[in-house]
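S.K.: Start from the sequences and build out the full structure, keeping to the hints where you can.
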Amino acid sequence: MKKQIIVGDVEMNWDLKTGEVLFEGGDVVLFWISAMETFFDSIREISGTEATKLVLETTGFRQGVIVGEGFLDKKNINTSNVVEWLSNTYAPAGWGKVKIVEMDKEAKHFTLHIQDDWEYKMNQRKQKGLDGIFVPSHYAGVLTGLFRTNFWYTTVQYQNDENPYSIVKYYPSDVTVQSNIHEMSRKQEAMQIKELERRVDDKTKMLQNLVKELSSPIIPVLEKIVVVPMIGSYDEDRSEDLIYNTLSELPKHQAQYLLLDLTGLHKHITEHTAMLIDKLGAAARLLGIETILVGVSPELAMVIVQSNSNLRKFECLQSLQHGVYYALGKSGRRIV
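Under my numbering, think of the first position of the sequence shown as -10, with each following residue one higher.
Rather than coming from a laboratory, the hints here were simulated on the basis of the structure. Source: prediction; values computed, not measured. Among the clues, some could well be false.
[What the hints assert, rightly or not] List of simulated lysine-lysine pairs, DSS-like, C-alpha gap at most 27 Å:
(1) K213 - K268
(2) K64 - K115
(3) K268 - K241
(4) K63 - K(-8)
(5) K63 - K86
(6) K94 - K63
(7) K319 - K213
(8) K115 - K86
(9) K302 - K213
(10) K88 - K64
M.R.: Structure representation (structure tokens):
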């Protein structure tokens, strides 16, 4: 059983035997707006708001191109009859009321009023307040297909409680859905790079804090005797941390002897490090604490001799054990 009606400029056919529905000779399918709402919500849930906008805009535009090209071949649409054709084609299809209210034939600029389209109704169903994306971009695709010139659009106002319709301007443009996709990809890459940089910065700060905690710890080995092992190379920041932490901790331990263990410096000894040792020892002396250098290697001994620092004023011993015995002896104690 077949049915046929003509609404506006559109011929619609139903063949109940085959289950075909034809819109101007092309297969179509009818959806409830609530079903489209579920489809859009699923995209938004999976892709996120920003990506969804691009998906809807791209899909709407590309579908519009197919429609425009299809009707161009069938009805030879041009700037003279496009106004009537647009309204008489989309209203019967349930797309609401659309009307070209301004047109510059020479420049091919169009201003459309779009009212009560299915996307607007869908967005209002749950009072979401979302703006139209799919429908405005779809008409840009339609014009692109009709005139074989890439069109883009600017939405001047959206339909809402204050505005009875949306106002959208269309014009030939270099903006394409492909360029928007590439821009989105670059933006996402930039965001990912920025996030990686943030994570690297966080990890770096965490490692720096860990290094500060582990670097040159204050070790109270016996009463009034503390050891500070110096390990690796010392830049300006590490040098300041070493001096500050050591001078802050020494009074807490009521130290009288500071043993600087230089064993870990044999590969990193520099003029700067020698000056650092001299500075730290001089500062400790101002607190009434004697500094003893232990773990002095032959290489370090050569640097001490050749440097401009006055490290020779400190007692220098070969090992930490010798330093502990020396400090005990000076304080009138010994290990028994």
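S.K.: Hint by hint, note whether the structure agrees.
M.R.: To see whether the hints hold, each was checked on the structure:
With a C-alpha separation of about 21 Å, the suggested pair K213 and K268 falls inside the 27 Å cut-off, and the hint holds. Simply put, K64 and K115 have alpha-carbon atoms about 39 Å apart, too far for the 27 Å limit, and the pair is violated. Note on K268 and K241: the hinted pairing holds, with a Cα-Cα distance of about 21 Å set against a maximum of 27 Å. For a cut-off of 27 Å, the pair hint linking K63 to K(-8) stands: about 22 Å separates their Cα positions.
Distance check on the hinted pair: K63 and K86 sit about 23 Å apart at the alpha-carbon level, within 27 Å; holds. For the given pair, K94 sits about 21 Å from K63 by alpha-carbon distance, which is consistent with the 27 Å threshold. Between K319 and K213 the alpha-carbon distance is near 12 Å, which keeps this suggested pair within the 27 Å criterion. Simply put, K115 and K86 have alpha-carbon atoms about 22 Å apart, close enough for the 27 Å limit, and the pair holds.
As the CA atoms of K302 and K213 are separated by approximately 21 Å, the hinted pair is consistent with the 27 Å bound. For the hint linking K88 to K64, the alpha-carbon distance of about 19 Å falls within 27 Å, and the restraint holds.
Hint 2 alone, counting from the list given before, is not met by this structure.
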